[in-house]
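Protein sequence lines, in the order shown, are assigned to chains Z and R. Quick note on my numbering: the first sequence kicks off at 481 and runs consecutively. Quick note on my numbering: the second sequence kicks off at 481 and runs consecutively.
The set of hints was computed from the structure by calculation and includes no laboratory data. Check each hint, because a few of them may be wrong.
Since copy identity is lost for identical chains, a pair holds within one copy or between any two.
To be verified - Derived SDA-like pairs (lysine to any residue); straight-line CA-CA distance at most 25 Å:
{"no.": "1", "residue 1": "Lys621", "residue 2": "Glu647"}
{"no.": "2", "residue 1": "Lys774", "residue 2": "Pro569"}
{"no.": "3", "residue 1": "Lys842", "residue 2": "Glu656"}
{"no.": "4", "residue 1": "Lys883", "residue 2": "Cys895"}
{"no.": "5", "residue 1": "Lys520", "residue 2": "Pro766"}
{"no.": "6", "residue 1": "Lys584", "residue 2": "His861"}
{"no.": "7", "residue 1": "Lys576", "residue 2": "Phe500"}
{"no.": "8", "residue 1": "Lys746", "residue 2": "Asn772"}
{"no.": "9", "residue 1": "Lys808", "residue 2": "Gln575"}
{"no.": "10", "residue 1": "Lys700", "residue 2": "Glu656"}
{"no.": "11", "residue 1": "Lys576", "residue 2": "Asp814"}
{"no.": "12", "residue 1": "Lys686", "residue 2": "Met481"}
{"no.": "13", "residue 1": "Lys621", "residue 2": "Glu501"}
{"no.": "14", "residue 1": "Lys706", "residue 2": "Ala761"}
There are 2 protein chains.
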Amino acid sequence: MKIRFFHARILTMQENCEIFEGEVWVEDSRILYVGTGEDKEEFFKRTGKTCMIWDEEIDCQGNLLMPGFKNAHTHSGMTFLRSFADDLPLDEWLQKQIFPAEAKLSPQDIYESARLAVLEYLTSGITSIFDMYVLPEAVGKACEEMGMRCVHVSGLNNFTQSLEILEEEFLKKNKEDSLISYKLGFHAEYTCSKELLEGVASLAHKYQAPVFAHMCETEKEVAECKERYGMTPPEFLNTLGMFEYGGGGYHCVYMSEKDLEIFADKNLSVITNPASNLKLASGIAPIGEFLNRKINVAIGTDGPASNNCLDMFREMFLVTGLAKVREKDAAVVDALEVLKMATVNGAAAMQLTDCDVLAEGKKADMIMLDMHMPNMQPHNHIAKNIVYSGSKQNVKMTMINGKILYRDGQFFVNCEPETIYTNVNRTIHRIRTELEQDR
Amino acid sequence: MKIRFFHARILTMQENCEIFEGEVWVEDSRILYVGTGEDKEEFFKRTGKTCMIWDEEIDCQGNLLMPGFKNAHTHSGMTFLRSFADDLPLDEWLQKQIFPAEAKLSPQDIYESARLAVLEYLTSGITSIFDMYVLPEAVGKACEEMGMRCVHVSGLNNFTQSLEILEEEFLKKNKEDSLISYKLGFHAEYTCSKELLEGVASLAHKYQAPVFAHMCETEKEVAECKERYGMTPPEFLNTLGMFEYGGGGYHCVYMSEKDLEIFADKNLSVITNPASNLKLASGIAPIGEFLNRKINVAIGTDGPASNNCLDMFREMFLVTGLAKVREKDAAVVDALEVLKMATVNGAAAMQLTDCDVLAEGKKADMIMLDMHMPNMQPHNHIAKNIVYSGSKQNVKMTMINGKILYRDGQFFVNCEPETIYTNVNRTIHRIRTELEQDR
């Protein structure tokens, strides 16, 4: 497939956030050309091509092409729990609602929930996800079938999975040149024994691989870790040699000076989840502190039980807005920094350096944002408009690996959205019935 | 015009947030019937009608009809400043960027900016606005022409308008049975002399009318008022007899016990503006405290220079999310309370009791939300989905006063969006040039 996008505004996210007018050419899964369109002869000369025969030519009508968003922390298997239990104290929510419901899940249920999540990612311009769930197999199947790029991270803990499964999955899922890859990880310090964590650290050394986990999400988590080990979670994990090859933490709301030093020293990424941190009353992460120390910050939606939506526009506004109110300074965490977090920084955290920016030879993970909607006008600063006034409503097209999967409100994913909706509604109906019977 | 909506889910917002399946019939500007559709005979008998001949019958396909959102604080004339100056310290933003740019505005510029704002309101399901701006004439013209319901509030201060103009506008704009009405108000305590405020209070007494103003937005504002008068802004204004006939405050971030008592005693409304309060680093309003005291809370976007978008979905999530993180309690400010704030409470603050809910005889200010998008699935709790995962993307239709003004991404407003975009871009280009010449 050869597709030519013309009359486009282009934000490549290489280096700065400047926008120019031009064309993007896509051949199969990769970007063939990005430029003003006026240097075609130079392109032909350089590549040895003589002309291009297009399968499709798309007049972008001044709309914006940019790299897709990287949702750097999510749990796609949990969409069945959206608005299942909200406005409850955290413990009741988790112990009495979420855990019992999750215990009723079959792999098929997770697969259907993940398919629903993928539809939603596409409507929000998300082209890659960093997904933690207990059954990566089911989530991976949904992503592969529908064309979503997915980096799995193990949710290993004392109760599910094992070091053997972790190693097996790591080797199996990183072998193929596919949409799917796999990172070492574990759920969190507080759900893993020291022995288990030592096991993960030794795998990290064996494969020279980064490790990711939930970290410093709540004050309680940090206090309990200090009680157990006399150290914060990052300090403790660092003493185990967990981060010799990098990695990162999800949430990172409560971080000590020493934690920040560890993150900077070990080149760890912070993956911030502002909407989830609000809804679960966890707190506001010190984004300004991360940036001051040049720590890589990426953005995730977290799962749909704790957010409840998978919308990178909401998250982007929150990252800058919450930082400003936290620091009592309207100047901190510039919107352009946030746009980097949602794209290139996410790609860096997930080691997806092959689809981070729009450039020749990169994987074609690209979105088109509608500039003809009132929230994108006037054009004082288009890149800031995306962060401050952009919305899912502006997502005109989502392309992953060179395939258009969503365009003008329609999905092109080889399955009917209504079928997925029916199936997920059936799942939660069944689980509700089972839970009532248990009581 | 007679329009029948059938196969709908219906959320009337009368009393509770329950949803049923049925029909809504609209005749000219009013709702003729809301019900299951199975009681037609009873309706005909009761109304003396024998049958209905429809101009249009709309199959809602299970999508949701509900009252439009009431944007209870905005400055529609400021869209030209969207992304004009962001990520700056508050004083620099206001004094060096916003004020000098606003000083260059002509009435025509304000009119064009307001037209752009109206387009955006329609895409967000907003059917009424409570608009404060220096030239209500220009904003009102845009609203009337385009079909937007607008309650003006005076932005009177020491530098613009006068008590005479205020009284004249109040009498003129409240006379006609139109989309436009007018409330007494002033910009804020800190921009008005005591004499001017006494004048407003005497008008309030003369016309037995409520009064609205920016109030307790920043710590600085409260501190300076205390220095001037030894009292907080609500205390001071109350001593002037400002609130004998009600009214309310925009923002209300920093409120003392005594302020809360005054708001409760005088039946004042709080109009909260969470996105603006984040972006300008003002703070987080104590929404839980307001609810505990049964103070009417409504929601506004504030103007596009300080938000930067006019999106009630973003605001709704923020109201509950920020309350939760402020109180460190995931159970406070239930999403259903927030849905009331965005609809009926806003209508109450604006005295728009004729278009607050879906019921027979009410003005047809109604929106349709798309239930066939993935963020609205599964249907664990549709009303909570609206607050927690809803987005402008779900707005399928916006009807005001019985007229469909926005449907499936198209505007029906008797002017071309592209013309408005061109004009607003021209305005800001001219102003930039003039500002550069001044330097």
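Within a copy, between copies, both or neither: where do Lys621 and Glu647 come within 25 Å Cα-Cα? Close inside one copy (19 Å), not across copies (67 Å); limit 25 Å.
Could you place Lys686 and Met481 in one of the four classes (within, between, both, neither) given a Cα distance threshold of 25 Å? Classified as neither: same-chain Cα gap 40 Å, cross-chain 74 Å, threshold 25 Å.
Intra- versus inter-copy proximity for Phe500 and Lys576 (alpha-carbon distance at most 25 Å): neither (52 Å within a copy, 29 Å between copies)
At 25 Å max between alpha carbons, let me know whether Lys576 reaches Asp814 within a copy, between copies, both or neither. between (40 Å within a copy, 18 Å between copies)
With 25 Å as the alpha-carbon cut-off, assign the pair Lys520 and Pro766 to within, between, both or neither. neither (46 Å within a copy, 59 Å between copies)
When no copy is named, should Lys706 and Ala761 be tagged within, between, both, or neither for a Cα gap of at most 25 Å? within (21 Å within a copy, 33 Å between copies)
Pop the pair Lys883 and Cys895 into one bin, within, between, both or neither, using alpha-carbon distances up to 25 Å. Only inside one copy: Lys883 and Cys895 sit 15 Å apart there, 36 Å across copies, limit 25 Å.
Is it within a copy, between copies, both, or neither that the alpha carbon of Lys700 lies no farther than 25 Å from that of Glu656? neither (40 Å within a copy, 59 Å between copies)
Given identical chains, is Lys774 near Pro569, meaning Cα to Cα at most 25 Å, within a copy, between copies, both, or neither? between (35 Å within a copy, 22 Å between copies)
When Cα atoms must be at most 25 Å apart, do Lys842 and Glu656 count as within-copy, between-copy, both, or neither? Classified as within: same-chain Cα gap 18 Å, cross-chain 62 Å, threshold 25 Å.
Classify it for me, Lys808 with Gln575: is the Cα-Cα distance of at most 25 Å met within a copy, between copies, both or neither? between (35 Å within a copy, 18 Å between copies)
Homomeric proximity label, Lys584 with His861: Cα distance no greater than 25 Å: between (49 Å within a copy, 20 Å between copies)
The structure fails hints 5, 7, 10, 12, 13 (numbered hints given earlier, in ascending order).
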